[in-house]
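K.L.:
Single-letter residue listing:
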Amino acid sequence: MKNRLSILFNRLTDVPTDFPDNARRQKILNILIVSIFFLTALAIILILALQNLVSLGLQGNEFYLAFVVLIGLAIVYFINRSKHLPSWLASFLFLVFLSAAFAYTDTPEQLANGRSLFVFTIPVIMSSMLLVPAASFLFAGLVTVELIIISNVSSVVPNGFAIGGFFLVAVVTWLSARSLEQAIKDLRVVNAELDQRVVERTSELATALSRETVEAGRREAILNSIADGVIVFDRTGTAILSNPSITNLVNKSQTEIIGKGLSDLLDSEDVKASDRVSLAALLEKSAQNLSNLRVKWGRKTLSVNAAEVRDGASQAIGTVAVFRDFTREAELEQMKNTFIAIVSHELRTPLNAILGYAEMLKEAVYGQINEKQKSVSGRIMTNTQRLLGIVSDLLDQAQIEAGKLKIQMIPCKPAELLDNIHGVMEKTASDKNLSLILKLDPAMDTTIIGDPQRLQQIMVNLTNNAVKFTDSGSVQVKVAPVGTKNWQIQTIDTGNGIPQDALEYIFETFRQVDGMSTRQHGGVGLGLSIVKQLVELMNGKITVESEIGKGSTFTVTLPLITHNGSPTVPSTKQE
Amino acid sequence: MSELALIIEDDEDLAEIFGEALKAADYTIEIIRDGLAAQERISQVVPTVITLDMHIPHVSGKALFNQIRADERLNKTRVVVATADAQIGEAMRGLADLVLIKPITFTQLRDLTFRLHQRK
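In order, the protein sequence lines correspond to chains A and B. By our numbering, the letter at position 462 of the first sequence is numbered 610, and the numbering carries on one by one without gaps. By our numbering, the letter at position 80 of the second sequence is numbered 81, and the numbering carries on one by one without gaps.
Mixed in with the good hints there might be a few duds.
Unchecked claim - Over 10 Å on every C-beta distance to chain B, these chain A residues come out as not near it, computed from the model:
no. : residue
1   : L196
2   : F250
3   : V338
4   : R472
5   : Y505
6   : M508
7   : N518
8   : I558
9   : S694
To be verified - Among chain A residues calculated to face chain B with C-beta under 10 Å, some are:
no. : residue
10  : R496
11  : A501
12  : L503
13  : G504
14  : K510
15  : T532
16  : P600
17  : Q601
18  : R602
Simulated from the structure, these hints should not be mistaken for lab results. Glycine included, each C-beta is placed from N, C-alpha and C at the ideal position.
Given only the sequences and the hints, what does the whole structure look like? Please build it.
P.N.:
As structure tokens, then:
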């Protein structure tokens, strides 16, 4: 009921304008009009009711005046509600009407200079509210004119103090109305800014939200489409995210993973106890960046990587683990290793037999043979040895690539290494009429720590290479200390030399200086590549200097270690 | 009767070549191609030289080596380890009288074992 009344009142006082100041003024006017209208109507009804009961002796014109007021109010009301008439018109008419009406509220004497003098301040005050603030002066003027007229009618001298008072009131109301309007205007600006900000923030939020949604969707699409299994653990080690691929790898459904801890994930018959330990270590200490951990998971071999997830402020907020199906690679690797092992044994054994039988023929173990037969036996031996060398090189290369070649650290004697070079290379060199000069620096330690087999291989390969590419002159092999921390092996030949542009790739796998020379000089182009890789495995380095027509010098510099387990220096820097 | 050389080697061809090399070095040779047979034979004869392959069927080369070294009767027997594995070779160096890394040539074995004659 109350609600309906207020709705009705609101509807009655509504104004058809969009200008906030006008709306406020017109609304006040409407409220005044509606209130006065109803009060006047109520008064008329009461007066009529009382008049029937008691004779009051009311003057007729006062009664009609009330009706005039009602009609006047109605007219002003409709003007105020009109969309086409200027907004100030209704207020202006109302105030004029009000000012005029006051002339009938008391006797002219009282109005001009008595108890009702104050009523003329009412339109002055109201005008600054209903029209513009400065309108108070207009109505001060109007009521002054009215006062003068009334004074003349009742033959009274107009009250000068009262007129001054009207203007004083006009000033005060003008000032207060003006500051009030300013305050309202400021408030409106603040409100508008606030509204604008709310709109902007809302739109930003909406954009961010939609971007986030798109981003999340994209991320999910990526996560779902990759073949690797992914699990994201939060800081407490609980799985919070995973992708479909993981389910095939660990034989668990996503629901068996999400929300569970690492121990639940690993609690599977598929995982060996030792793998469980290393997986837990990997995932719990992901900061250590252990990577490519291989574990058996059921029938599969998985390669697991883990990395910390950090937020914008670099705070660790969890771990992401990526599981890759390594089964096929592991099988291939196993096959390769088996193949190498088989080849290593099965290829060499018959070659050794061929070598041995050829030698026995040549040595006349099975009876005397003629010179031609002897020469052929020799050539079978040479070629077999070459083949054995190639097989060894290929196997070494395969082992280096597989990371299976380990460097031993045991005592060995440089003098013995040089002696062996003599044994292995002297005949080849003298066959080509080259002098093989071996030099051991007296300052060199008699025993050093290293891998004698691999050091020998480095020396043999370098010397063999030098002999191969030298047609006349000599091949020198020198072993000497370099400062106190390193030692070096040098081969110096007087051969063809190596073109400058070729120097950079002679250590590459399967390369010789030009395509033709592979045929010409034999070998598959692995010798120097293996030497370089062996030297690097020993923390050393190899350099080459060469001049066309004068020869080449290969220098291998290695850390000098003279006591087992205590390297004099790990550095390979040359002094 | 010349001195005895025992050739413990499972590969037929290498056994033949080693045999000829040792014959050429003036030994009476006996070839054994199985670990168990080698264990039995070592306990029966006193060879001057034993060439020992480290990879033979049934018994490891190292076990055979230890058996030889533990046998008082064989304290003068020279053991020549013949292996294709350089790492095993390095491990046996200092333990065996001679370590040869395969490929081992006929002349190499002949000349080296000739020096091992006791009567010399």
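K.L.:
Hint by hint, say whether it matches the structure.
P.N.:
Hint check:
1. L196: At about 132 Å from chain B, A/L196 clears the 10 Å cut-off, so the statement holds.
2. F250: Fine: 126 Å to the nearest Cβ keeps A/F250 off the interface.
3. V338: 87 Å, holds
4. R472: 33 Å, holds
5. Y505: 7 Å, violated
6. M508: 5 Å, violated
7. N518: 20 Å, holds
8. I558: Per Cβ check, A/I558 is inside 10 Å of chain B; nearest 7 Å; violated.
9. S694: Holds, since 31 Å exceeds 10 Å.
10. R496: 6 Å, holds
11. A501: Because about 3 Å separates A/A501 from the closest Cβ in chain B, which is inside the 10 Å limit, the hint holds.
12. L503: Hint on A/L503: holds, closest Cβ of chain B at ~6 Å, below 10 Å.
13. G504: 3 Å, holds
14. K510: This interface hint holds because 9 Å falls under the 10 Å limit.
15. T532: Cβ of A/T532 sits 9 Å from chain B, so the hint holds.
16. P600: Constraint on A/P600 satisfied, holds at 7 Å.
17. Q601: Result: holds, 5 Å to nearest chain B Cβ.
18. R602: 9 Å, holds
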